[in-house]
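These protein sequences, in sequence, are chains D and G. To convert, take the position in the first sequence, counting from 1, and add 119; that gives my numbering. To convert, take the position in the second sequence, counting from 1, and add 4; that gives my numbering.
Warning: the hint list may mix true and false statements.
With the Cβ distance kept under 8 Å, some of the chain D side facing chain G (calculated, not the full set) [claimed, not checked]:
{"hint": "1", "residue": "175"}
{"hint": "2", "residue": "185"}
{"hint": "3", "residue": "212"}
{"hint": "4", "residue": "217"}
{"hint": "5", "residue": "220"}
Quick look at which bits of chain G chain D covers, simulated, 3 or more residues with Cβ under 8 Å [to be verified]:
{"hint": "6", "stretch": "19-25"}
{"hint": "7", "stretch": "53-61"}
Calculated from the model, a selection of chain G residues having no Cβ within reach of chain D, i.e. all distances over 10 Å [unchecked claim]:
{"hint": "8", "residue": "37"}
{"hint": "9", "residue": "72"}
{"hint": "10", "residue": "101"}
{"hint": "11", "residue": "102"}
{"hint": "12", "residue": "118"}
{"hint": "13", "residue": "122"}
Source of the hints: derived by calculation from the structure; they are not laboratory data. Backbone N, C-alpha and C fix where the C-beta goes; we use that ideal spot for every residue, glycine too.
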Amino acid sequence: MQIAPPDFDRIFGALADATRRDIVRRAVGAEEGVAQLASHYAMSFAAVQKHVAILERAGLVTKERIGRRKIVRTNPEGLRVARRLLDRYEELWRGRIDRMSALIADPPDRKETDQ
Amino acid sequence: MTVTAVRKDADNLTMTLDAEFAVSPERVWQLWADPRQLERWWGPPSYPATVTSHDLRTGGRVEYHMTGPEGDQPHGYWEIIEADEPHRLVFRDGFADADGKPNSDMPLNEARVTIAEIGNGRTRMTIQSIFPDAAAMEQLIAMGMEEGLKQAVGQIDAILTGVTP
Numbered sequence: 120m121q122i123a124p125p126d127f128d129r130i131f132g133a134l135a136d137a138t139r140r141d142i143v144r145r146a147v148g149a150e151e152g153v154a155q156l157a158s159h160y161a162m163s164f165a166a167v168q169k170h171v172a173i174l175e176r177a178g179l180v181t182k183e184r185i186g187r188r189k190i191v192r193t194n195p196e197g198l199r200v201a202r203r204l205l206d207r208y209e210e211l212w213r214g215r216i217d218r219m220s221a222l223i224a225d226p227p228d229r230k231e232t233d234q
Numbered sequence: 005m006t007v008t009a010v011r012k013d014a015d016n017l018t019m020t021l022d023a024e025f026a027v028s029p030e031r032v033w034q035l036w037a038d039p040r041q042l043e044r045w046w047g048p049p050s051y052p053a054t055v056t057s058h059d060l061r062t063g064g065r066v067e068y069h070m071t072g073p074e075g076d077q078p079h080g081y082w083e084i085i086e087a088d089e090p091h092r093l094v095f096r097d098g099f100a101d102a103d104g105k106p107n108s109d110m111p112l113n114e115a116r117v118t119i120a121e122i123g124n125g126r127t128r129m130t131i132q133s134i135f136p137d138a139a140a141m142e143q144l145i146a147m148g149m150e151e152g153l154k155q156a157v158g159q160i161d162a163i164l165t166g167v168t169p
């Protein structure tokens, strides 16, 4: 599956905030709704709700209906995107190192390849 | 193999890559310091790089663009945070508009390059690539593991150890 760069941006943006990181951490256990989450922070329900909405748009949490409650749950797939980014960077740099090696073995000023 | 080790740090989303070359540190430094050589390795073959401005000193700047198969030309730049020839180079790599103006909507990536002689005419180059915002992401994963949070942690752990579905 290909992830377009805007999705990375959204995830990075969502996680660039300490409260939102804390929400994602708490929601791994998936037991609390927005109101309960809000009780952990010195900010309004509306403010926490807004943070949850940003995380939701980034695909980092989902809201799940359990009975009459809506539980906020961390989405491991969202976190997996980070791993993909790292893998992509490894690939990118491996390619660069290969080209560096080729360049060292065959500098531009002597082009005769005789490997 | 030229690449001798790759480490992906779960705590701060850093990728560290070691590579060894059978040449001197000065020769390895030239790969960065000579814009014509830099052009030959920075971009993948499908996106060759053209370096348009190159000042590899502390506080200096490198500007480049790449040319894609469709003729698209993504622009990028480096802000040189530290340059200590031939051993250390630290720069922020960012995206820019067509006129070279930094695009602040795109994430910046910091690269720390260390070049050291390791004997027998060999040189080790270590590249540490750091993602400032995603660092937070990995940190939260690590915190989740510390607190021993149930089954989802197992899934995240699997992600971090490279198990792909």
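Holds or violated: the hint that residue 175(D) contacts chain G, with Cβ atoms closer than 8 Å.
Since the shortest Cβ distance to chain G is 16 Å, the answer is violated.
Do three or more residues from the stretch 19-25 of chain G put their C-beta atoms closer than 8 Å to C-beta atoms of chain D?
holds (count 4)
Taking 8 Å as the C-beta cutoff, is the stated coverage of the stretch 53-61 of chain G by chain D satisfied by three or more residues?
Not satisfied, violated; 0 residues make the cut.
Non-interface claim for residue 122(G), where every Cβ of chain D lies beyond 10 Å
holds, 16 Å
Go through the hint on residue 185(D) and say holds or violated, using the shortest Cβ distance to chain G against 8 Å.
Check failed: Cβ of residue 185(D) comes no nearer than 15 Å to chain G, outside 8 Å.
Closest CB of chain D to the CB of residue 102(G) still more than 10 Å away:
Correct as stated: the minimum Cβ-Cβ distance to chain D is 17 Å, above 10 Å.
Please verify that the nearest CB of chain D lies beyond 10 Å from residue 118(G)'s CB.
Non-interface label stands for residue 118(G): nearest chain D Cβ at 14 Å, farther than 10 Å.
Taking C-beta pairs only, is residue 101(G) more than 10 Å away from all of chain D?
holds, 15 Å
Please settle this one: residue 72(G) was flagged as non-interface, so is its CB more than 10 Å from every CB on chain D?
Residue 72(G) is indeed farther than 10 Å from all Cβ atoms of chain D, at 14 Å.
Any Cβ of chain D at or closer than 10 Å to residue 37(G), or is the non-interface label fine?
holds, 13 Å
Residue 212(D) as chain G interface residue, shortest Cβ-Cβ below 8 Å:
holds, 5 Å
Quick check on the hint: residue 217(D) CB to chain G CB, less than 8 Å?
Where the cut-off is 8 Å and the nearest Cβ of chain G is about 7 Å from residue 217(D), the hint holds.
Comparing the model with each numbered hint stated earlier shows that hints 1, 2, 7 do not hold.
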